[in-house]
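Those protein sequences? They're chains A and B, same order as listed.
Heads up: the first sequence begins at 1 in this note's numbering, then just goes up one per residue.
Heads up: the second sequence begins at 404 in this note's numbering, then just goes up one per residue.
Check the hints yourself; a few may be wrong.
[To be verified] Covered, in the sense of this in silico footprint (three residues per stretch, anywhere, with C-beta under 8 angstroms from a C-beta of chain A), are these stretches of chain B: (1) 494-501; (2) 667-673.
[To be verified] Just some of the chain A residues that point at chain B, by a computed CB distance under 10 angstroms: (3) ALA94; (4) GLY124; (5) PRO233; (6) ALA390.
It should be emphasised that the hints constitute simulated quantities derived from the structure, not laboratory data.
Quick reminder that beta carbons are idealized off the backbone N, C-alpha and C, glycines included.
Below, each chain spelled out in residue letters.
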Amino acid sequence: MAEIKSVLGTQNKKGQTYTDPWKLLNEAPRTPSFFTGSEVIKEAIRRATCDVMIAYPITPQSEAAALIGELFAEGYVGDYFRGESEFAVMSQCAGAAFGGARVFTTTAGPGTMRAMENFPMWAGARLPIQMIVTCRGINSPLSIQPDTLEIAYLLNTGMLVWHAETAQDFFDWILKGYMVSEEPEVHLPLALCCDGFFVTHTKDVVNLTPADMCLPPYDPYRSPVPCMDMECPPVRMMRDPFVMKSNYISYATHASWQQEIWAAVERSRKHSIHWLNGLIDTENTDADIMIVASGTAVSQGREAIRMLEDEGVRCGLVKVKTIRPWPEEEIREATKNAKHIFVPEFNVTGWLAKEIRATVPNHHRVHAGPHVCGGMTMPPEIIVSEIKTALGMKTFSLAGRGS
Amino acid sequence: MSKERIQISEALYDIMPSDYQDLVKSATYGKDDRGWKDIGTSKELIEQHSLCAGCPESMAFRYILASLPNPEDTVMVGSTGCTSLVFPMVAVHNIHSLFGNQNAIASGLKRALSVRFPGRVKDVVVLAGDGATVDIGLDMTLQAWFRQEKFTTICFDNELYANTGGQESGLMQKGFVAKMAPVGKLFDKVRLPEIARESGCHYVVNCTVSKPSLVEKVIRNAVHIAREIGPTYLQLYTPCILEIGKNSMEGLQEMRDSEKPTERFAYKEYISDPAKQLLAELAAKDKERKAAAKQLAAQAQAN
Chain A
1 MAEIKSVLGT
11 QNKKGQTYTD
21 PWKLLNEAPR
31 TPSFFTGSEV
41 IKEAIRRATC
51 DVMIAYPITP
61 QSEAAALIGE
71 LFAEGYVGDY
81 FRGESEFAVM
91 SQCAGAAFGG
101 ARVFTTTAGP
111 GTMRAMENFP
121 MWAGARLPIQ
131 MIVTCRGINS
141 PLSIQPDTLE
151 IAYLLNTGML
161 VWHAETAQDF
171 FDWILKGYMV
181 SEEPEVHLPL
191 ALCCDGFFVT
201 HTKDVVNLTP
211 ADMCLPPYDP
221 YRSPVPCMDM
231 ECPPVRMMRD
241 PFVMKSNYIS
251 YATHASWQQE
261 IWAAVERSRK
271 HSIHWLNGLI
281 DTENTDADIM
291 IVASGTAVSQ
301 GREAIRMLED
311 EGVRCGLVKV
321 KTIRPWPEEE
331 IREATKNAKH
341 IFVPEFNVTG
351 WLAKEIRATV
361 PNHHRVHAGP
371 HVCGGMTMPP
381 EIIVSEIKTA
391 LGMKTFSLAG
401 RGS
Chain B
404 MSKERIQISE
414 ALYDIMPSDY
424 QDLVKSATYG
434 KDDRGWKDIG
444 TSKELIEQHS
454 LCAGCPESMA
464 FRYILASLPN
474 PEDTVMVGST
484 GCTSLVFPMV
494 AVHNIHSLFG
504 NQNAIASGLK
514 RALSVRFPGR
524 VKDVVVLAGD
534 GATVDIGLDM
544 TLQAWFRQEK
554 FTTICFDNEL
564 YANTGGQESG
574 LMQKGFVAKM
584 APVGKLFDKV
594 RLPEIARESG
604 CHYVVNCTVS
614 KPSLVEKVIR
624 NAVHIAREIG
634 PTYLQLYTPC
644 ILEIGKNSME
654 GLQEMRDSEK
664 PTERFAYKEY
674 ISDPAKQLLA
684 ELAAKDKERK
694 AAAKQLAAQA
704 QAN
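Input sequences plus hints: build the corresponding full structure.
Below, the structure written as structure tokens:
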């Protein structure tokens, strides 16, 4: 910490002042700005003191990745280049993080899937890389449309996984994400997910912190594992490589390290609560009916609640902000009064509903739906319809259902 | 540069592992003319290995670590395979992450070190097998060269997948019968040295590790050129004696047989013009340094 404190108040080469992160995010004046989600990513990275960003084109993250190239050209990012594939990019990110850099990258859909082998490696190597995932379809035939199925594949990698609802979340969470990820007792990568297009390509009013204030630089010597820069002794790490050994010591080593990764995910909980003001947000938790959602499904849920209120049906909301760490206690508490729990999702399998079913008592209360996928939008009317049907109320007929 | 960064606090000295004490006392860090002749006379940068008895790769490892011009500021990147059995025992920082991504790791690493230590030498050296370099990782091997990433790629070519039990690889000779090549390999050994030259490498050498002095020379050249100019590539024959049916004492002869002028590991070298110029400058400096040392010694004797 000594090193971080010593740079606070000093300026970087772009004239930005290294600012206490808590003050930057909670006390510094904010300016309302009308930006697309991609532009918001750029503005967050302008303030993030990133050493290395590695880019690769894939819709819908290409614009953000290219905009950060502009930041590099302006001198706000240490190095930047286009890799040759997502698998390579995520390995290049790993190399940069092994070398002690604060690293940023973005990907989407099939790119996330192609890079998948890297993610447990990132977590196992304790690399606090931040990766924006602008979710899109991963099915065949080819789809570029919004669909959150890929998040399900990230849940067991050992990465932190957060799901942003709005561009404002995105702006704040990119900066806060580094603060949580880089804690010595956490030191894990973060997949900061959002629903592609809905967040990346629409304009919204976002309150930005001052452009002349930025995060203090990453200090790689606070890492729980040695930084690979030959600035600390290259002491031999083990007598026998564990990779090929079939013995108890080898198994015990791998087992304890896996447990340590997940313990680190757990330890991120308190830091995430601190920075995000809780792992969930709630409204009307005394209602009989609760909607539990993440990402833009939260916005649609909120609108459905307003529509149901007009018809005299009172309904509450849980916005799940972090999927890893999973807010188990919080969700159980927030839904304890609910007779029905609805989980609207932008994917076909309903991974969030499965997580919630495994969390709450009397899980028959959980209605997995409505689901839309393949790029379909989720009009709040279908959430209203799902709820009214479950309650035995008369509801409108959706075109094409033949009812 | 010297051993200052690995010094042990006096209070902790006696509880440090003995190989670390040895490293501090007698490693060749910071020695200008370190080379293969240091092997056996001072602390080596490789402690032990769990490779097969007589494996030429174990000797190649020793020659390389003894020849790195700047080990105190060198980070090595490995890949999955027999080399990953050795790296945990090497006294320079080294990274193993996945199979085949070594040149991608090295690209990110080299750039991070350049951002963090501007104006300071930080060498990056990749050392991986032929499966990692040419098959599963070929894309990333070539793309790093296209981008002119400034690090050295060394391929330990044993012409098969040794660690998984002798399967066909792209660098295997045509016709060789192996696992996964049940009727003999059907296509030629991939011509990676030529591909490396065309892909932008400034220094390419194809040889065996039968002569330690030659290994020392090409390692030093490759690291210096990568540091100053651009990517370099060394393809070194380290036969897998186990999988080609040789005994543990027959590795050296196998290499000697394979480096004859008509054989596939006949010495082959490519040097770009800027690299030639750099080597000439380095040779001139070296000559100057040696002359000065000689003069100093003569003076000391005269006095």
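Here's how the hints hold up against the structure:
Against chain A, the stretch 494-501 of chain B contributes 7 residues with a C-beta closer than 8 angstroms to a partner C-beta. That satisfies the three-residue criterion, and the hint holds. Counting residues of the stretch 667-673 of chain B whose CB falls under 8 angstroms from any CB of chain A gives 0; the rule of at least 3 is not met. A cut of 10 angstroms between beta carbons decides the hint on A:ALA94: the least distance to chain B is about 6 angstroms, and the hint holds. This hint holds: A:GLY124 has a C-beta 9 angstroms from the nearest C-beta of chain B, less than the 10 angstroms allowed.
Nearest Cβ of chain B to the Cβ of A:PRO233: about 5 angstroms, under the 10 angstroms cut. The hint holds. The beta carbon of A:ALA390 comes no nearer than 46 angstroms to any beta carbon in chain B, farther than 10 angstroms, and the hint placing it at the interface is violated.
This entry does not satisfy hints 2 and 6, going by the numbered hints stated previously.
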